[in-house]
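Novice: One-letter residues, chain by chain:
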Amino acid sequence: MDFWLSYATLASIYVLLGLSTNLLVGIAGIFSVSQAAVFGVGAYIVSYLLMNEVTSFLPAMLVAAVFCVLLNVLVTLPALRVSGDYFVVTSFGIQLLATAIFTNWTFGTGGANGLPGIPPADLFGKTLDSTTQMVELCVGAMILGCLAFWLIMRAPFGRLLRAIREDELAVAAAGKNVLRAKVSAAAMAGAFAGSAGGLYATFLSFIDPSSFDLDASILLLTMVVVGGARTLAGSIIGPFLLLALPQVLSLIDIPTTIAAAARQLIYGVLLIAFMLFRPQGLAGEKL
Amino acid sequence: MSDYLSATGLEVSFGGLRALQDCSFTVERGRITCLVGPNGAGKTTIFNVITGFLRPDAGTVSFQGTPLDGMKPQAIVAAGIARTFQNLRLFVDLTALDNVVVALPSQTGEEPLAAIFRPLHVARAQTRHREEAMQILQHVGLAARAGEFVRNLSYGEQKLLTVARGLATGAELLLLDEPASGLSASALDQIMDLLRRLQTEGKTLLVVEHNTRVVQQIADEVLFLHQGHLMARGTPEQIISDPALAEIYFGGVI
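In the order they appear, the protein sequences are chains A and B. Numbering that gives the first Met the number 0 puts the first sequence at residues 0 to 286. Numbering that gives the first Met the number 0 puts the second sequence at residues 0 to 253.
No lab work stands behind these hints: they were computed from the structure. Worth double-checking, as some hints may not be accurate.
[Stated by the list, open to error] Taking beta-carbon pairs under 8 Å as the criterion, some of the chain A residues facing chain B (in silico): (1) Arg80; (2) Asp84; (3) Lys125; (4) Leu150; (5) Ala154; (6) Phe156; (7) Leu168; (8) Ala169; (9) Ala171; (10) Gly174; (11) Asn176; (12) Leu213; (13) Ala215.
Predicted, not measured: the structure shown is a model, and the values here were computed from it. Just so you know, even glycine gets a beta-carbon here, dropped at the ideal spot from N, CA and C.
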């Protein structure tokens, strides 16, 4: 029972990350490979605020979300100057830089040892310390996230982003501010990733840089590609499916030493196979 | 003579190539002005300069007395000038209707926060925008194709849709880049009819066109451009009957 609850909790958190990546990569066409870094910043901020008893959970989440909005806008600004392929390289550098900071800034992040003993989340003065309460919180957050994504995509803003993805110049010629729309998409993606970080930290009560490194960013991209780019269903299916993979692997009798490597291998193969044979993913549109 | 749109001393070079050289002209309100000239004469460059996609090295463009220098494309659209592209640049994965809706000015819900926190308000505004876009499609004769994806439309229908998208911006001056090229005879008649109707409704049109038959039928005035410079202006008859211009225009071909 506990296993299913933590699976649902973790998957809900990753759905928020999937939405974030989908907004940025799938919809706005900003090919970022550093979303895990933003996720990490959210996690560290909430951990810091809760561990030092600066604020309670909700204000801490708000601070993390606002900070990640600003961070993501800053990080994606180069994408508004350099085009597609070059931005991947820039974003790659940003991810490496973030990993270096997470690992070496021992005072703020606990360095490679991570931060243990992060307090559980609380809502309106009530501590959510059981797994059931945590799953409710995370599934609730996921539903809110999905609702927000759905509302955004059916509004003129969603249509504008789709048009921008097809032809920026034509959107500008239609009198629209392309830059502003892209910055807004990056901001929304930042808010999703930051909130996911806060939930992740309070759920696991321990974080370390390995959850927010390049592998994690690529896992997020794989989730979006496998689930399906640019759709709500794709952002939900991808995380639920890929997070089940380690559990499936644990049923097969392989030594634990190669299990992690096998998982990475399968993620890689899935990413390549989907890009080649089913670019629209299970429930999406072509990336 | 009013100076509705006026360009003075435009200079544009691409490396060693001088695309526009001391190019000056005016466009009068309520008329259809055709911009003609051989390939490479600088017609599309003029469009790019007027609409803010290209900054001229020298010279200025004014619209209703206001200089457009340094204005961004979206500001120029807001001032009342919209354009189409020779290669259409439609949003092929959107429906015909959505192509038009995108171009309607300042919509509620173009901001993500409004979309999330005022969904009902946005939904109501959307219904209104769809009706508005539908009327524009009706106007250009595409109402029956509203729900169709652009890639399923014929080339002629796509051309009409680019005009519809320009109209949706609310601009009163439309710059149309070869609206009639590559069209069948019936599609040609349809678009010429549309351009004339737009004129009677008070729009001003500046049209790049190669087809002399089309120019003769729709133009009030013709600007003849050669090597980035305005070489002549006059009625279609004056321009077409001038042997020197015909030599430049057809010389390279025949």
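Novice: Now tell me, hint by hint, if it's right for this structure.
Specialist: Hint check:
Because the beta carbon of Arg80(A) sits about 16 Å from the nearest beta carbon in chain B, more than 8 Å, this interface hint is broken. Proximity of Asp84(A) to chain B is violated relative to the hint, the smallest CB-CB distance being about 22 Å (cut-off 8 Å). With a least beta-carbon distance of about 26 Å to chain B, the hint placing Lys125(A) at the interface is violated under the 8 Å criterion. Interface hint at Leu150(A): satisfied, since its Cβ lies 5 Å from the closest Cβ of chain B, which is below the 8 Å cut-off.
With a cut of 8 Å, the hint placing Ala154(A) at the interface with chain B holds, because the nearest CB-to-CB distance is about 3 Å. At its closest, the beta carbon of Phe156(A) sits 5 Å from a beta carbon of chain B; the interface hint therefore holds under the 8 Å criterion. With its C-beta approaching chain B no nearer than about 6 Å, Leu168(A) sits inside the 8 Å limit, and its interface hint holds. Among the interface hints, the one on Ala169(A) holds; its C-beta lies about 4 Å from the nearest C-beta in chain B, closer than the 8 Å criterion.
Among the interface hints, the one on Ala171(A) holds; its C-beta lies about 4 Å from the nearest C-beta in chain B, closer than the 8 Å criterion. Evaluation of the Gly174(A) hint against chain B yields a held restraint, the C-beta minimum of about 3 Å falling below 8 Å. Checking Asn176(A) against chain B: minimum C-beta separation of about 5 Å stays under 8 Å; hint holds. Given hint, Leu213(A) at the interface with chain B, is violated; its Cβ is 28 Å from that chain's nearest Cβ, farther than 8 Å.
Interface hint status for Ala215(A): violated, as the beta-carbon distance to the closest one in chain B is roughly 25 Å, over 8 Å.
Of the numbered hints stated above, those contradicted by the structure are hints 1, 2, 3, 12 and 13, listed in ascending order.
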